[in-house]
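Visitor: Chains as they are written, first to last, in this note's numbering: chain A, 39 to 524; chain R, 5 to 160; chain Z, 12 to 241.
Worth flagging that the hints you see were computed from the coordinates, not collected in a lab. Hints may be right or wrong, so weigh each one.
[Said to hold, decoys possible] Beta-carbon label-pair distances, calculated as ranges:
| no. | chain 1 | residue 1 | chain 2 | residue 2 | range |
| --- | --- | --- | --- | --- | --- |
| 1 | A | 487 | R | 112 | 35 to 43 Å |
| 2 | A | 428 | R | 17 | 42 to 50 Å |
| 3 | R | 121 | A | 436 | 34 to 42 Å |
| 4 | Z | 16 | A | 302 | 46 to 54 Å |
| 5 | Z | 122 | A | 136 | 43 to 51 Å |
| 6 | Z | 122 | R | 64 | 38 to 46 Å |
| 7 | A | 87 | Z | 38 | 40 to 48 Å |
| 8 | A | 258 | Z | 31 | 22 to 30 Å |
| 9 | R | 112 | A | 381 | 42 to 50 Å |
These figures come from a predicted structure and were not determined experimentally. Built from N, CA and C at the ideal position, the CB exists for glycine as well.
Each chain, written out:
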Amino acid sequence: MSLVLVIAIPILGAFLLPMLSHRSAVLGRLFGPIIIAVNLGLALSIWQHVTLNGPQVEWIGGFAAPLGIVFHVDQFTAILLLAIAVMTILLWPRRMEDPIREPVLSLVLMGAASGLALSSDLFNLFVFYELTAVASYGLVASRATGPSQIAAIRFLILSAAGSALALLGIALIYSITGSLNLAYLAQVAPTLLSGPLGMSAFMLILIGFGVKAELFPVNTWVPEVYASASSRVSAMLSGVVSKLAMVVILKVLITVYANTSASLVMLVVGLLTLVSGELAAYRAKDFRRMLAFSSIAQLGMVAMAFSVSGTAGLLAGFAIMLHHLLAKPALFLLAERWGGHLDRLTGAAYSSKTGAILFLFLALSLIGVPPLPGFWAKYLLLTALFGHDQSLYYFAAAVLLITTVIEAAYLMRILQRLYQHKNSTLEPHRASELVPALVLGGTLFLSVLVAAPLGAALSGIARSSADIPAYIQRVLPVDVPKEINV
Amino acid sequence: MMTMSETQIMGYLLYSGALALIVIGLFVIVTRHHLIRILLGLGLLEAGVNLVLLAAGFRADAQAPIVTELNKVGTSMVDPVPQALILTAIVIGVGVLALALAICLEIHRKYKTLDLRVLGMIISGHVEDEPSTYVIRADQVSANKAIVPGTAERNV
Amino acid sequence: MKTHNLTSFVFLAGLVVLLAALLVELPFGHGPMVTGQGILKQAPQTTGTANIVTSVVLGYRGLDTLGELTILFIAATAVGLVLGKQTRQHPIRQGGYILRIAADLLHPFLLLLGVYIIVHGHLTPGGGFQGGVILAIAYFLPLLAGTQNIIQEKLVSILEGLAGTAFISIGLLSMFKHGDFLAPLLGQGTLGELFSGGTLPLLYIAVGLKVGSEMAGLMMRMLQEDEPLA
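Looking at chain A on its own, in the form it has when it is part of the complex (with noise of 0.2 Å):
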């Protein structure tokens, strides 16, 4: 049972999908739903052995490292591929205007992004972040309208354009190093990448998968882009694409970068994305705009996160992750109906109360109001950004708080509009939407519940994923020398 299955079999239905529809458009219909369960099913199987039996390494093809590519899955790595399948079945469109073509590129959405989660290859990583490009460039421009196009093709050039400077990135990281395995590359990372070369190298890739990571300079493409595209389409971008996007920096921060100044960079980076976000998010007047820079804002708080070296970083980084994975494309969900200028919503509560009740669940969990999940993780976040001893984190943690202040003001702001007694022209949420909304507000709530165990949960699989020796080995035993003469 190969982990390959997860990325393989999803491309196969894609494949498939064109020549069944011919066949049956019944088929065709089902072929969609069927893949992901296989997938969900594929990723629980995952998930119950990394967890019975510690990580698991596979070599792709039997080839061994640093020669062949590398999968590397932990716990963590497997809640991502569930996220993954789940989100990705909870956002699969009612209506379709091509019902063969927009499956195709979702099914492959599903399986890069799985890829990303996997992999352990510096190029296979780029690969696979240029195939979840390429699938998110026709998701968003497949929305026949004009702006949506606009939006399109200038979110191809910036990524295209990043996409090309990562490469330039893992070109002179391969020049000084002549591997692109991660785990050799964060053995000699100390000898051969700490120097002015290794960091611009960084700087490009961060660049690079920053586009679709939301990070501040490379993000002006997400308020046009989640304003035009679908709102469903939005939700997959926001909600696990630039998760995604965030975990292959991480990656390739904690193993090649580790205890450089590239942490630095992280932090001053995810506090410029951070600020630009909530100040752009307080002005916007459109509520998907809104959402958008509130994304930014809350994938700032991420790279924060991660550049506090160790498990603190890294579990306030899970935290906010997972936090936002659900909550966003929740927020998204409800747009479908809600989407557009902000004055539309006045009075919007009566005419849709559990619309109008999950939203206040989510703006307040996204504020941090305790006990929600969204308090815990900004908490984590504090603690992290306090626990490391210099100045600059404590200014960023004193930005956080401040910028918490601003975001309570816009979605209040919000909150007010909707329950203004007014006759609301905006017609209720449909069922289609309400649904998914709720299953993901639902399980939002239910971690309130056990925030506990789930706390020590999480806190156990940073810890295992902050292990970089014990990763080391396990990828590269170590009765394979370095200089390989097999």
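Could you slot chains R and Z onto chain A? The hints should help.
Guide: Then chains R and Z, alone, in the frame of chain A:
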């Protein structure tokens, strides 16, 4: 001055070529407004990066990595890995370019222009966030009239 | 010179200096080549192909090739999605007399060249992607010259679907047999023979067919968007 070996000269030439491509490509992407020109700049950028990747695999006085009667197994060969990486990178570039051109076709069909300045105003006028100086409606554009003074000139 | 251009030039000059300083430091011609050396030593025995780059593309980094193949497939699908249903059916512009005759003459030669490069990908430079593009060009020429009007869209989609499925199926087969996805199968054969390298030439044939049909279909779709000259 030191005499430079052939390898060093080759290295300097290769890297200057790659550098020129990357810098010119970036310049075009950042400063130009016509979508097709920007895509050409993107192509230049990708070509430059591929060249850097190629140079990473070079080994002086080595043969191509193909085993023939002249090059038996064990002769000194260049690194085969960057060549495989470049192959993948070129194909990715082609795919992205094809999709970009298709989107440009659609944009031209709808708005009759490929000037990013005009398109940027359309998209910011569509979503009223910050009031823009011009608000261009889609029907104005499709009427094939020059709306913004200056777009009738040659697109740069 | 306008200030905007001046600032761009200054920014560029700074970039040139920075990048030049970096690139000069790189070890050209004597890189560490850790992975490369290892692969060069083992590849001929492990995979059996004379062209070591092929053994990297299809063996050691076979998963990257699967990803790359899928990117091309997704790009073609997205193009179909973006361009939407075909609204107009214009007759394709006819080229001049010489152009048409030359295109028809070159077509079979290009097909042959493409097939040769695909099939010999494991022996000489070339392979599935390169040969597939030449196969596509064999169809571009008549399309652009106007001698061939339609490539059946259904044929293209069936061919690319089947070829892609074949690639993954070979990979899955090796998974069931050896436990590793895309491990080389069917033995190595004699180095340098046409029938060597196990399943690797088969993988390249699948790649070549997929790339060729996809690119030809792409060109066909984009040509349909062309408006006739007034």
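Visitor: Now tell me, hint by hint, if it's right for this structure.
Guide: Right, here's what the structure says about each hint:
1. 487/A with 112/R: 35 to 43 Å: 55 Å, violated
2. 428/A with 17/R: 42 to 50 Å: Given about 45 Å between the Cβ atoms, the range holds.
3. 121/R with 436/A: 34 to 42 Å: Since the Cβ atoms of residue 121/R and residue 436/A sit about 40 Å apart, the hinted range of 34 to 42 Å holds.
4. 16/Z with 302/A: 46 to 54 Å: 35 Å, violated
5. 122/Z with 136/A: 43 to 51 Å: 32 Å, violated
6. 122/Z with 64/R: 38 to 46 Å: 40 Å, holds
7. 87/A with 38/Z: 40 to 48 Å: 42 Å, holds
8. 258/A with 31/Z: 22 to 30 Å: 29 Å, holds
9. 112/R with 381/A: 42 to 50 Å: With a Cβ separation near 34 Å, residue 112/R and residue 381/A fall outside 42 to 50 Å, so the hint is violated.
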